[in-house]
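Undergrad: Each chain, letter by letter, is given below.
Protein chains: 2
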Amino acid sequence: MNPLSSEDRGFTLGDGVFDTALALNGAVIARHAHVTRLLAAAGAIGIAIEGARIEAAIDAALPPTPAILRTTLTRGTAARGLWPASAGEPTLVVATAPWGPALLGQPARLITATGRRNEFSPTANLKALGYLDHILAAREAARAAVDDALILNTQGRVACTTIANVFALMDDRLVTPPLSEGCLPGVMRALVLEIAPSLGLEVAEVPLTREALAGAQAVFATNSLRFIRRITELDGASLGTGGAALDALEQALFAQAAAECGIDPRQA
Amino acid sequence: MNPLSSEDRGFTLGDGVFDTALALNGAVIARHAHVTRLLAAAGAIGIAIEGARIEAAIDAALPPTPAILRTTLTRGTAARGLWPASAGEPTLVVATAPWGPALLGQPARLITATGRRNEFSPTANLKALGYLDHILAAREAARAAVDDALILNTQGRVACTTIANVFALMDDRLVTPPLSEGCLPGVMRALVLEIAPSLGLEVAEVPLTREALAGAQAVFATNSLRFIRRITELDGASLGTGGAALDALEQALFAQAAAECGIDPRQA
Chain A
1 MNPLSSEDRG FTLGDGVFDT ALALNGAVIA RHAHVTRLLA AAGAIGIAIE
51 GARIEAAIDA ALPPTPAILR TTLTRGTAAR GLWPASAGEP TLVVATAPWG
101 PALLGQPARL ITATGRRNEF SPTANLKALG YLDHILAARE AARAAVDDAL
151 ILNTQGRVAC TTIANVFALM DDRLVTPPLS EGCLPGVMRA LVLEIAPSLG
201 LEVAEVPLTR EALAGAQAVF ATNSLRFIRR ITELDGASLG TGGAALDALE
251 QALFAQAAAE CGIDPRQA
Chain B
1001 MNPLSSEDRG FTLGDGVFDT ALALNGAVIA RHAHVTRLLA AAGAIGIAIE
1051 GARIEAAIDA ALPPTPAILR TTLTRGTAAR GLWPASAGEP TLVVATAPWG
1101 PALLGQPARL ITATGRRNEF SPTANLKALG YLDHILAARE AARAAVDDAL
1151 ILNTQGRVAC TTIANVFALM DDRLVTPPLS EGCLPGVMRA LVLEIAPSLG
1201 LEVAEVPLTR EALAGAQAVF ATNSLRFIRR ITELDGASLG TGGAALDALE
1251 QALFAQAAAE CGIDPRQA
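These protein sequences, in sequence, are chains A and B.
Using this note's numbering, read the first sequence as starting at 1 and increasing by one per residue.
Using this note's numbering, read the second sequence as starting at 1001 and increasing by one per residue.
Because the hints were derived from the structure by calculation, they are not lab data.
All C-beta atoms, glycine included, are put in the ideal place defined by N, C-alpha and C.
Just so you know, not all the hints are guaranteed correct.
Partial pick of chain B residues on the chain A-facing surface, computed with a CB cut under 8 Å [said to hold, decoys possible]:
no., residue
1, Asn1118
2, Ser1121
3, Thr1123
One-sided excerpt, in silico: chain A residues whose CB lies under 7 Å from chain B [what the hints assert, rightly or not]:
no., residue
4, Gly10
5, Gly14
6, Ala78
7, Arg80
8, Pro90
9, Val93
10, Thr112
11, Arg116
12, Phe120
13, Thr123
14, Arg139
15, Thr162
Kindly produce the complete structure, drawing on both the sequences and the hints.
TA: Given below as structure tokens:
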């Protein structure tokens, strides 16, 4: 727990970006993809930082035990003004929390959140600090005693959940909304899109309606901590659980993680 | 500059709200309205805090000199999870910066920002910490060498600027977008709506298009630090500057501030 200035623009204005990754055996899964995405997001909002500084901060924080790695990067402190004429050193904080395989294989029931995600925002595809809308969607889910909330974009189409990208298996094809629908470029999302074809699963990035999910063979959420999480219920209605294709995909993702970290996540 | 935990949810997730007010002679202008709005926003996102704690923090921070008062309230630290099962004490920080009357009476040239404000967001009417979209709009304005940016909502209608509400004088009537258009419930906006009728100016909250601004007698921005700021240009085209009604409104706002603080802002 580092002390931080209360004038840090990450604190006062949500002026920063972050990344959440999983580390096993002292190695970050898909490390290059995580660091690359964080650097791209920093560049997009005009925070200048060397990749080497991020890499060193991760190295310094990495525990040998299974860990959630949270990397936060902000514009630091600056002169007054939303777009400051000058800013000091960016603030970089890498925090860790324990991870356990109990997070894997938990199916999820979802509701649809009331609020909408803004696909017309300049930060729609950036993992920016301002997560309050998703926090309030998570509150709706908690109050409904379900596990997560589906978030639609302003056109009423599927964007994401509060913490994950969304995929559907439809006509034996894996579909997920394109980034233009307002979702984050999830690292696990990209891995799924990359690996699925090698398993004979065609993939497509196409807009998805809530109704299409209801008719899908299976629906699942992806993120770096839970890999694939099957969504079994949406707003009280059961969803398809069409199994073998997803099982194979999950195995392939675990195998890739094991190849990187020397341990299967299920045994970590 | 208070030290802050890097685990504070204001820093990690933008999980909080804030207020910006002007203090002259050791008194906050429209103090009750500012504190009431902050408490309402805190309540809306589920942060429990006593008004007395906020009042005491403001009292402790108030300088006798003209000052910008920035009050930041976050959920503090909490267990992992977007919607935490439990949270500790909220974090409350009141910071001050010098203010001078040079901020008054500066006309502004604006561009229209590329990104859109989300009127379908559960935080659209809350002064939440996540200001990155407005920061990026301010960057666009800086790059265009103008003073601020007009932000439209997802329907393409006027929401606000990066730091202010927007009013137009049309057919001798003052109009401003209703909150349902996605703007903040500005304290100065409310003051204008309250005072204008006593000056013989009819007021109305109605949706506004960018094109309507182009045809208005005058367009201006309101916030607590600049009171009324005339907008003289939008995307390179001059706007109306229809004067006497705005002059009277400005005088009335300064007079009200003087009644509260014992000094006219122009002489502070």
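Undergrad: All hints are to be evaluated individually against the structure, with a verdict given for each.
TA: Going through the hints against the structure:
The criterion of a C-beta within 8 Å of any C-beta in chain A is met by Asn1118 (chain B), whose closest approach is roughly 4 Å, and the hint holds. The interface hint given for Ser1121 (chain B) holds, since its Cβ lies 5 Å from the closest Cβ of chain A, which is under the 8 Å cut-off. Proximity of Thr1123 (chain B) to chain A holds as hinted, the smallest CB-CB distance being about 5 Å (cut-off 8 Å). The restraint placing Gly10 (chain A) at the interface with chain B holds, with a minimum CB-CB distance near 5 Å, inside the 7 Å limit.
This hint holds: Gly14 (chain A) has a C-beta 4 Å from the nearest C-beta of chain B, less than the 7 Å allowed. Proximity of Ala78 (chain A) to chain B is violated relative to the hint, the smallest CB-CB distance being about 10 Å (cut-off 7 Å). Of the supplied interface hints, the one on Arg80 (chain A) holds, with its beta-carbon coming within about 6 Å of a beta-carbon of chain B, less than 7 Å. Look at Pro90 (chain A): its Cβ only gets to about 13 Å from chain B, farther than 7 Å, so that hint breaks.
Given the 7 Å rule on beta carbons, the hint for Val93 (chain A) holds: about 5 Å separates it from the nearest Cβ of chain B. Given the 7 Å rule on beta carbons, the hint for Thr112 (chain A) is violated: about 13 Å separates it from the nearest Cβ of chain B. Because the closest C-beta pair between Arg116 (chain A) and chain B is about 4 Å apart, less than 7 Å, the hint holds. Given hint, Phe120 (chain A) at the interface with chain B, holds; its Cβ is 4 Å from that chain's nearest Cβ, closer than 7 Å.
Checking Thr123 (chain A) against chain B by beta carbon gives a least distance of about 5 Å; that is within 7 Å, so the hint holds. Because the smallest distance between the Cβ of Arg139 (chain A) and any Cβ of chain B comes to about 5 Å, under 7 Å, the interface hint for this residue holds. A hinted interface residue such as Thr162 (chain A) counts as satisfied when its beta carbon comes closer than 7 Å to some beta carbon of chain B; here the least separation is about 5 Å, so the hint holds.
The structure is inconsistent with the numbered hints 6, 8, 10, although it conforms to all the rest.
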